[in-house]
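So the sequence lines, in the order shown, correspond to chains P and R.
Going by the numbering used here, the first residue of the first sequence is number 1, and it counts up by one from there.
Going by the numbering used here, the first residue of the second sequence is number 298, and it counts up by one from there.
Fair warning: there could be bad hints in the mix.
[Unchecked claim] With a straight-line cut-off of 27 Å between C-alpha atoms, the simulated DSS-like cross-links for lysine-lysine are: (1) K404/R <-> K418/R; (2) K600/R <-> K569/R; (3) K204/P <-> K572/R; (4) K572/R <-> K643/R; (5) K579/R <-> K204/P; (6) K404/R <-> K204/P; (7) K394/R <-> K123/P; (8) K579/R <-> K643/R; (9) K418/R <-> K579/R; (10) K204/P <-> K418/R; (11) K444/R <-> K418/R.
[To be verified] Reference listing, derived: stretches of chain R covered by chain P, where coverage requires no fewer than 3 residues with Cβ under 8 Å from a Cβ of chain P: (12) 404–411; (13) 428–438; (14) 625–635.
[Claimed, not checked] If we take Cβ atoms under 10 Å as the criterion, some of the chain R residues that face chain P in the derived model are: (15) R391; (16) K394; (17) D399; (18) T478.
The hints are simulated quantities; they were obtained by calculation from the structure and are not laboratory data.
All C-beta atoms, glycine included, are put in the ideal place defined by N, C-alpha and C.
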Amino acid sequence: MASEFSITDFHIPIGEWVSAAVDWIQDNFTGVLDGISDAIKFIVDNFEDGLLGIPPVLLALIIILIAAWRVSWRFGIFAFVSMALIFGMGIWDETISTLALVIGSSVLALVIGIPIGIAMARKDMVEAVVRPVLDFMQTMPPFVYLIPAAIFFGLGKVPGAIATLVFAMPPAVRLTNLGIRQVSEEHVEAGRAFGCTDRQLLLKVQLPLAMPSIMAGVNQTIMLALSMVVIASMIGAGGLGNTVLTGIQRLDVGLGFEGGLGVVLLAILLDRITQSVGTRKPGVSLRMRLKKVLGKG
Amino acid sequence: MTDKLVIEGLYKIFGPEPEQALALLDEGLSKDEIFDRTRTTVGVQDASFAIRDGEVFVVMGLSGSGKSTLVRMLNRLIEPTAGRVLLDGTDITRMSKGELIDMRRHKMSMVFQSFALMPHKTVAENTSFGLEVSGIAVAERRRRALKALETVGLAPFADSRPDELSGGMKQRVGLARALATEAPILLMDEAFSALDPLIRTEMQDELVRLQQHEAHTVVFISHDLDEAIRIGDRIAIMEGGAIVQIGTPEEIVTNPANEYVRSFFYGVDVSKVFKASEIAEKQGLMVFERPGVNVRAALAQLKDRNRNVAVVVDGDGRYRGMVSLNSLAGAVDSPGDTRWDDAFLKGIETAPEDMDLSEVLSLVAASEYPVPVVEEGGRYLGIVSKTVLLQTLDKAG
Ligand SMILES: Nc1ncnc2c1ncn2[C@@H]1O[C@H](COP(=O)(O)OP(=O)(O)OP(=O)(O)O)[C@@H](O)[C@H]1O
Ligand SMILES: [Mg+2]
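Only chain R is shown next, with the shape it has when bound in the complex (with noise of 0.2 Å):
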């Protein structure tokens, strides 16, 4: 994946005289000593990072950690004091009045934590307001508005007011206008923190969807980790105004950076950060390939390595079945054609690569059997076992 954004040495101070306190923050102050010395206030310091095309980037950190700031850095609803933000390699800190507002209108939109609809347009005028803002004809602007709010779900109330709608409702109308201007990257600031859990989560699904319908490059803050392990690509964790770790899910809650991080995660439901896929062990059961092996030879190399159940693949590594001593015993004396199939151990239910471990788990807990995960194409990709499951809560709670 190529580059989208890349943010190079980034800094906001607020305040009279930033240079002074850019000097001390190069003295390793904290942004609290500097606050009490300068009465300035760092924002964000010295963030350097990139974010990829195509991904979610959800940043996280406690409220005034400079989650805001960063991202009004990108489209420079704030000034940045110091740093570069290229945008497909165009600074974008360097950017004169005609051609930032050029950049709003066609690379960057945004959604609002509080939505920010005008209350006295309709929902399709709302809709279409970046694009009323571009000076694009009524007829086109209302084809467009129509079009994204198809998108969203809301097409049949594309004439109501936004004070018609339901919280819900209204931040879909948000998201319609970020995506009606078809601008390549989202900003979004908390865009789902107002809305009830169960809508929030329906709204987190819908994002998901719509990136996999056509993926755009989603710079997304949020406070709430759930939310973060359910949409993001990957999470910068912000503190103090710094980043202080950057990384997939998985990684970061398997790998804090440090105690502030770790803290984060404490208590996270590590059920959620991982898919069947990530803790499937290929290594963990024998494997034999159908049409090498017969019946009676697996028995014998069961035996011999004193194992008890393994797994059956076909040529093409596809998963076919798991057999046990017991029923390899009990099939060796079948005809010929059905002997393996006779030798299938029944009622084994398979894992499909993305099933929440959540889900992995009431498998497991309900087989006296390791669980195999499959790809979706059949595939066999390894099993999970009670063992891989305790050392993976484990090691993440």
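Isolated chain P, as found in the complex (with noise of 0.2 Å):
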């Protein structure tokens, strides 16, 4: 009997469990799983109509300026001509359809990841129990993620987002406990003994103490939501990661690359854009400025 066993039977049916789980879960929880569609969908889809129904001159012209007036008057050349490009390779469209995917799933991502960073840094208890399984999302190469999300949402945009929404999501949660932790003991006792709530000293002293390291996480998790964005149009999410997909199946090197510029022009100023936010200008409040000149005329 021994003789006739070989290593080859041996076979443990994790994927016949697996599949049993899922087949049990979407039988189950369709309510809950239709429900989380539709809200995302929603929003999603309501970005990107917003977005789309600006006319493109204009947005353009919104997305300079803002680059000029928080960055620098460089970097708002730099976003004159990365939007002249985007016109000139005819990918406005997929373009946008991508900033509303990445904008719309941040968003999400930093609604949820924000708290929760905010409950870890509070508890110790909950900080032990989270980490690891952020430990665990960060381990995973990305694309792992677009199976679960195809599987209970299918394709299109629904699963994209979602998909992207919990992989971008870790670097908010860790760096709003972080920053939250990183809050001095005194800054914290000046709160208390000054008679803060716990919900005051949450409020004004270690959320707006923390505030550059959260920042810091909200620029992470857009970023991490861009490249992830890309990777979902795998399972159909549409937008500049479409264009590169396609350039790759018809072998189209130039399509491909058009795809490629699309990308890194949004990341770039994504990247510049959203870290100015939170760090305050060096020099003088815009309200200071006003009243030096106001003073001086």
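Starting from two chains that each stand alone, build the complex the way the hints lay out.
Structural data, given as structure tokens:
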């Protein structure tokens, strides 16, 4: 009997178990899944419709102005050139579609992630539970997220957004937690000594002082979201990723390059602009500047 | 003076099983032995004392002696393990969360070593932090913040950001923030330690000035003895979590409870501890009351007692001048109404009662006669002679 056993017969039916579990979830939680799906679809579609609803030239102008105001006038020129290239390559709609998906899933990731980070910072227990989950999430290669998303939500923008928000959330959680924990003991004591309730301590002391760290998390989340949105075109999320994908499938180097360049330009714009939020401009606030001007005049 | 804060049998044990440590403390074990046995740290043990209304109470001790823990138990930033803290008779340790928050908003405020200002708020917003937390309306907040900033001389900087200010100015904001709530009690944990020596002295003077203007009850932690002496009405010395001595600076310097306290004061500049009035001797010289005694009689009495100099006061005990055998002898033949005036020694300087010993020292050194000490209203308090001075310096050194 023993001689008939060979190692190739050794089989643990993990695949079958997982399929069974997925079937079970799909059978029993249809309502929940549909609810999530509808909510996300609503948010993402609205963002996209909203952005596409603005005349392209106007939107481009707004982006250029924001770049010049928040970062520097040189960066404003870079933004101008980027916009010109995107129009010139004829990938405006794809870019906006990607941007909408990035913003939509980032907003969702932040809305979920920041409160988790706050909870982590306030209770060591929560941190002990969440930290390994975050570690696990960050060791997974990005496209692994596509599989469950596609299984539960099919193909299209919704599973793309879900995979993206899950993939992009960890930095927001981590850096919120870190930022709050890094607030100096004395600042927390000062808050308490002057009679803050727990809520006031969070809102008036901890969050404001943690803001630079939280904003760094927001920046990272947005950048991760962009990279994921491109990958998510594999399950039909559309946008610039689709342009690249088509280029690859047709072995059309030019098309692939154009899509890639669009992604890079969008990445640089998003990165610099989100970095500039939360750091006060060196020197003086707008109010002080106004005061000065009015004082002189 | 009434007691503002009464501390009774206050303990803080850091660690999981405080009861065990408390029992060991009862058996008389030391902080180190208890740590070795139970891995718990005795922060403060059996502190019992009262802080009087309107005084500056300084807590001193080496690093780790429990000073910070002690003051933080007064507003329960640290929960006491055992004991009571009575504020105007109400036990703080039994307060509910809401009562505690209310107490912190209205009764006690705090100033921190590294200022703990909010970088994203303006100076005025920082100053009104306590008021903001209490839910006071913006306009009222700003009014009270400006008033507090006025007190510390920073009103012109109300709309600056903390990072535009120097260290001393930042701590003035810290002080203004504590004053703005109009809490009667100020807790100050090494509030001036992070400042340059020069600025530190300036802030100490500022605090003393503030106290004269409107006396708060101040609990001030320091490990700088000069600072403690400068600002403290009374000083408590802590060692290993216990309070080993409480008293006025003079009491502690002249009569240290043990070697630890003595070593603390070793090499202290006592000339800064004492004021002229505290060492002035009433019996040091003969005193003549002017309307009662005439010049001739005074001369006779001095000769009789074999003395060389005497002090002359008027009917109300006010200092008039000093006379010597020679000056009296030279004035006996003057016309009646100027006789005393002629008899007074020329160039005698008096010391005001609150003059530092160090300054009295230079007066005494410069004069061949003892230096008379005079109250603000002109009353004569006594004299400081070279002998008295040497005795004082010797006793304390
Ligand atoms: N949160 C804590 N957990 C454990 N031990 C603590 C804690 N806080 C203070 N201690 C210990 O309690 C003792 C008293 O500390 P405390 O901070 O009150 O000293 P201190 O007199 O203020 O010293 P320093 O002059 O260094 O500020 C020290 O032995 C310290 O290690
Ligand atoms: Mg301390």
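Consistency of the hints with the structure:
| no. | hint | verdict |
| --- | --- | --- |
| 1 | K404/R <-> K418/R | holds, 24 Å |
| 2 | K600/R <-> K569/R | violated, 38 Å |
| 3 | K204/P <-> K572/R | violated, 47 Å |
| 4 | K572/R <-> K643/R | holds, 25 Å |
| 5 | K579/R <-> K204/P | violated, 60 Å |
| 6 | K404/R <-> K204/P | holds, 21 Å |
| 7 | K394/R <-> K123/P | holds, 19 Å |
| 8 | K579/R <-> K643/R | holds, 22 Å |
| 9 | K418/R <-> K579/R | violated, 58 Å |
| 10 | K204/P <-> K418/R | holds, 10 Å |
| 11 | K444/R <-> K418/R | holds, 18 Å |
| 12 | 404–411 | holds (count 6) |
| 13 | 428–438 | holds (count 3) |
| 14 | 625–635 | violated (count 0) |
| 15 | R391 | violated, 18 Å |
| 16 | K394 | holds, 8 Å |
| 17 | D399 | holds, 7 Å |
| 18 | T478 | holds, 7 Å |
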